[in-house]
Amino acid sequence: MPPSAGKSPVSPLPVRVMPCLDVDGGRVVKGVRFADLRDAGDPVELARAYDEAGADELVFLDITASSGNREPTYEVVRRTAEQVFIPLTVGGGVRSVQDFDRLLRGGADKVAVNTAAIERPELLSEAAERFGVQCVVLSLDVRRCQGPTRTDSGFEVTTHGGRRSGGLDALAWAQRAAELGAGELLVNSMDADGTKDGFDLELLALVRVAVSVPVIISGGAGRPRDFGPAVDAGADAVLAASVFHFGDLTIGQVKSALRADGHLVR
Amino acid sequence: MGLGVNGPSVVVLDYGSGNLLSAQRALERAGAQVTVTADREQALAADGLLVPGVGAYAACMKGLTAVGACSLIDRRLAGGRPVMGICVGMQVLFERGVEHGVHTEGCGQWPGVVDELTADVLPHMGWNTVAAPADSVLFEGVRDERFYFVHSYAVRSWVLPAGGGAFRDPLVTWTDYGERFVSAVENGPLTATQFHPEKSGDAGARVLANWVATL
Numbered sequence: 000m001p002p003s004a005g006k007s008p009v010s011p012l013p014v015r016v017m018p019c020l021d022v023d024g025g026r027v028v029k030g031v032r033f034a035d036l037r038d039a040g041d042p043v044e045l046a047r048a049y050d051e052a053g054a055d056e057l058v059f060l061d062i063t064a065s066s067g068n069r070e071p072t073y074e075v076v077r078r079t080a081e082q083v084f085i086p087l088t089v090g091g092g093v094r095s096v097q098d099f100d101r102l103l104r105g106g107a108d109k110v111a112v113n114t115a116a117i118e119r120p121e122l123l124s125e126a127a128e129r130f131g132v133q134c135v136v137l138s139l140d141v142r143r144c145q146g147p148t149r150t151d152s153g154f155e156v157t158t159h160g161g162r163r164s165g166g167l168d169a170l171a172w173a174q175r176a177a178e179l180g181a182g183e184l185l186v187n188s189m190d191a192d193g194t195k196d197g198f199d200l201e202l203l204a205l206v207r208v209a210v211s212v213p214v215i216i217s218g219g220a221g222r223p224r225d226f227g228p229a230v231d232a233g234a235d236a237v238l239a240a241s242v243f244h245f246g247d248l249t250i251g252q253v254k255s256a257l258r259a260d261g262h263l264v265r
Numbered sequence: 000m001g002l003g004v005n006g007p008s009v010v011v012l013d014y015g016s017g018n019l020l021s022a023q024r025a026l027e028r029a030g031a032q033v034t035v036t037a038d039r040e041q042a043l044a045a046d047g048l049l050v051p052g053v054g055a056y057a058a059c060m061k062g063l064t065a066v067g068a069c070s071l072i073d074r075r076l077a078g079g080r081p082v083m084g085i086c087v088g089m090q091v092l093f094e095r096g097v098e099h100g101v102h103t104e105g106c107g108q109w110p111g112v113v114d115e116l117t118a119d120v121l122p123h124m125g126w127n128t129v130a131a132p133a134d135s136v137l138f139e140g141v142r143d144e145r146f147y148f149v150h151s152y153a154v155r156s157w158v159l160p161a162g163g164g165a166f167r168d169p170l171v172t173w174t175d176y177g178e179r180f181v182s183a184v185e186n187g188p189l190t191a192t193q194f195h196p197e198k199s200g201d202a203g204a205r206v207l208a209n210w211v212a213t214l
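Protein sequences appear in the order of chains A and B. Heads up: the first sequence begins at 0 in numbering that gives the first Met the number 0, then just goes up one per residue. Heads up: the second sequence begins at 0 in numbering that gives the first Met the number 0, then just goes up one per residue.
Among these hints, one or two may not hold up.
[What the hints assert, rightly or not] Which stretches of chain A does chain B cover? Using the computed rule of at least three CB atoms under 8 Å from a CB of chain B, they are: (1) 83-89; (2) 116-130; (3) 137-144; (4) 183-197; (5) 208-218.
Since the hints were derived computationally from the structure, they do not count as laboratory data. C-beta atoms are modelled at their ideal positions from N, C-alpha and C, and glycine is treated no differently.
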């Protein structure tokens, strides 16, 4: 059910500012210049530093190439949950209800799923039934249609880091996922990603009116002033990775800018 | 960081619900000695019992029923022994829950029905404020702080009549999201929060420490 027409899409809650850590074999892939850490490659240290800096939630994305050994990831999740007392979402390579179970038991509060849900959408309903919609996050890599591909919304879902596309309409998929049991959407704009030119507000606004679950927007953040417009376009949460890790932006700067724009922050 | 060597004992009731590690560690930080178990003897003997809960009301009640949680809570309260419910662990303390038209009986410690909030965006997911009574013990030392909520269902009206003779009136804390709902209750040995103190940073740690201090 979309939000009722005419109402402001702006959330009554403070927008959640979420740093995302890419983890490979239990180590942070990018991100060294963020803070004075004993071990800048340790996701737990970085998580603790972001917590102290005022992050509202954390996301770990497991980019371990082989799906074989996930032990280092579980270990990192467990150590983080023991030491950092803000919500933790873990994604990357999640394929089954068993993966959900293992991560939630290990200390994750939410689990993000992407490709596996495209291949088998029932995974969303199975996970929601067993663990509740509140811990099922659907991650979508979205771009404007290219080449011969056309979708109703003009946006398509891609897989394999944007290298493949099956012509799946991004808005239709977002709606279906929310109906099946995704309690939150993590919308990654492949067009905006890496540009540091601001979030993809057009995509965000379309997703916002298409679903009534919380929406996290990701991709394109470069300056403190990029965040306010995302809230105005309906973002419940804003996610960024390298700009935080490389120290281009601090959580504090982002929140100050949001506050200056008249937005609520924690 | 207190390791709780001499602190009060708390059992986190393990009935197959979500992330219990954060609750365990947050209580340990608050000075408690924590055991995560469904063992009835241990749960009866502990100074405090924490009832966690995430997900669907019916699924949580099924798990709780399997470990005899309602009678366990009854036994503890009959002896004045503290119990704290968190999130769905709070909701199950009411008479019943209604999700997708399915009515599920709760433990019934308090009158009232848990049903869907009216809001543009659900689940209610994020950091919200609370309006606590001035004499709240749970929120002592907590001012203008936000707590982490993640739920779609809540108790919108508190129907236990005030001035219940020999009983001291419960302290009820409220939060707004689309509409007003009950976000915490302090009722003698029975305490509950709709938000997750174990995920609410320093403010949440203070709430847990306030509870542990009553044990």
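Examine the stretch 83-89 of chain A for residues whose CB is less than 8 Å from any CB of chain B, and state whether their number is three or more. holds (count 3)
Are there three or more residues in the stretch 208-218 of chain A whose C-beta lies within less than 8 Å of some C-beta in chain B? Check passed, 3 qualifying residues.
Would you say the stretch 116-130 of chain A counts as covered by chain B, given the rule of at least 3 residues with C-beta under 8 Å? Since three or more residues must qualify, the claim that chain B covers the stretch 116-130 of chain A holds, with 3 doing so at under 8 Å.
Apply the coverage criterion to the stretch 183-197 of chain A and chain B: a residue qualifies when its Cβ sits closer than 8 Å to a Cβ of the chain, and three qualifying residues are needed. Violated: only 1 residues of the stretch 183-197 of chain A have a Cβ under 8 Å from chain B.
Stated coverage of the stretch 137-144 of chain A by chain B [criterion: 3+ residues, CB within 8 Å]: violated (count 0)
Figure legend: structure checked against the earlier numbered hints; hints not met, in rising order: 3 and 4.
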